[in-house]
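Given the structure of chain A, go ahead and fit chain B onto it with the hints provided.
So the chains spell out like this:
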Amino acid sequence: KQEVTQIPAALSVPEGENLVLNCSFTDSAIYNLQWFRQDPGKGLTSLLLIQSSQREQTSGRLNASLDKSSGRSTLYIAASQPGDSATYLCAPLEDSSYKLIFGSGTRLLVRP
Amino acid sequence: DAMVIQNPRYQVTQFGKPVTLSCSQTLNHNVMYWYQQKSSQAPKLLFHYYDKDFNNEADTPDNFQSRRPNTSFCFLDIRSPGLGDAAMYLCATRMGVSRDRETQYFGPGTRLLVL
Numbered sequence: 001k002q003e004v005t006q007i008p009a010a011l012s013v014p015e016g017e018n019l020v021l022n023c024s025f026t027d028s029a030i031y032n033l034q035w036f037r038q039d040p041g042k043g044l045t046s047l048l049l050i051q052s053s054q055r056e057q058t059s060g061r062l063n064a065s066l067d068k069s070s071g072r073s074t075l076y077i078a079a080s081q082p083g084d085s086a087t088y089l090c091a092p093l094e095d096s097s098y099k100l101i102f103g104s105g106t107r108l109l110v111r112p
Numbered sequence: 001d002a003m004v005i006q007n008p009r010y011q012v013t014q015f016g017k018p019v020t021l022s023c024s025q026t027l028n029h030n031v032m033y034w035y036q037q038k039s040s041q042a043p044k045l046l047f048h049y050y051d052k053d054f055n056n057e058a059d060t061p062d063n064f065q066s067r068r069p070n071t072s073f074c075f076l077d078i079r080s081p082g083l084g085d086a087a088m089y090l091c092a093t094r095m096g097v098s099r100d101r102e103t104q105y106f107g108p109g110t111r112l113l114v115l
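Line by line, the protein sequences give chains A and B. Taking our numbering, the leading residue of the first sequence gets 1, the next gets one more, and so forth. Taking our numbering, the leading residue of the second sequence gets 1, the next gets one more, and so forth.
This is chain A alone, in the form it adopts within the complex (with noise of 0.2 Å):
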């Protein structure tokens, strides 16, 4: 059973800071990995998509790597803003059953 672990659970930062977000995964039989921001008591917003042949993928001011062979993945903010400010959650999308498995998120606060 694929499991999905985030680390850190919450992160504290000034305002500018390059951080970087942990995700690990158990089952490396996937076919891609999601990463999504999730503002409070909203839904999820796709930040990027790494598909499993790939090893990283960038969106502006966010970098995603893929180390599918070693069940990880990292997210790499850089120059952080206060609206940043959000959780962030890892999902590999598993080739076995079609579904994405969720980490609890990473809980970012970026201080002004």
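Derived from the structure by calculation, the hints contain no laboratory data. Only a predicted model underlies this, so the values are computations on that prediction, with no experimental measurement involved. Among the hints, erroneous ones may be present.
Calculated lysine-lysine pairs in the BS3-like style (CA-CA distance at most 25 Å, straight line) [unchecked claim]:
| no. | chain 1 | residue 1 | chain 2 | residue 2 |
| --- | --- | --- | --- | --- |
| 1 | B | Lys44 | A | Lys68 |
| 2 | B | Lys38 | A | Lys1 |
| 3 | B | Lys38 | B | Lys17 |
| 4 | B | Lys44 | A | Lys99 |
| 5 | A | Lys99 | A | Lys42 |
| 6 | A | Lys1 | A | Lys99 |
| 7 | B | Lys52 | A | Lys99 |
| 8 | B | Lys17 | A | Lys99 |
| 9 | A | Lys42 | B | Lys44 |
| 10 | A | Lys68 | A | Lys99 |
| 11 | B | Lys38 | A | Lys42 |
Showing chain B alone in chain A's frame:
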């Protein structure tokens, strides 16, 4: 432009009173999902449709049912809500054609309160 729409955004119901949550999509996607998310927890998949094929998760309570009358709409019915069913309910869609490169899109969610 909204692609996955959920109504209502907030729903208050009484203990044991049936309630229906609605989801619609403008993406013409084949797959629609319903998730339950409780505070500070990961979204938990309840069930999903691939076109008209219904797939229930093994641990989804019988109290939860779903209908998909057409491609665009999907409903979540809670037959007898309990206090433990208070949560955010998220609808999501996926094209369902190219598995490795498809983004899953989520609606804004419906927050359910059970009194």
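Next pair to validate is Lys17/B with Lys99/A; report whether the Cα-Cα distance is within 25 Å. At roughly 31 Å apart (the allowed maximum being 25 Å), Lys99/A and Lys17/B break the hint.
Just to be careful, I want the Cα atoms of Lys44/B and Lys68/A compared with a cutoff of 25 Å; is the pair within it? At roughly 23 Å apart (the allowed maximum being 25 Å), Lys68/A and Lys44/B satisfy the hint.
Proposed proximity, Lys99/A with Lys52/B (alpha carbon, max 25 Å): Holds, because 17 Å separates the two Cα atoms, which is no more than 25 Å.
Within 25 Å, alpha carbon to alpha carbon, are Lys44/B and Lys99/A? holds, 11 Å
Is the straight-line distance between the alpha-carbon of Lys99/A and that of Lys42/A 25 Å or less? At roughly 21 Å apart (the allowed maximum being 25 Å), Lys42/A and Lys99/A satisfy the hint.
For the pair we were handed, Lys1/A and Lys99/A, check the Cα-Cα distance against 25 Å. holds, 12 Å
Taken at face value, is the distance from the CA of Lys1/A to the CA of Lys38/B at most 25 Å? Given that 25 Å is the threshold and the Cα spacing comes to 21 Å, the pair holds.
Quickly compare the C-alpha distance for Lys42/A and Lys44/B to 25 Å and report which way the hint goes. holds, 16 Å
Straight-line alpha-carbon gap Lys68/A to Lys99/A, limit 25 Å: This hinted pair holds, its Cα atoms lying about 17 Å apart.
With the threshold set at 25 Å, check whether the alpha-carbon distance from Lys38/B to Lys42/A stays at or below it. Within the cut-off at roughly 12 Å; holds.
Between Lys38/B and Lys17/B, does the CA-CA distance stay at or below 25 Å? Holds - the C-alpha atoms of Lys17/B and Lys38/B are around 20 Å apart, at most 25 Å.
In terms of the numbered hints stated before, the structure departs from hint 8 and from no other.
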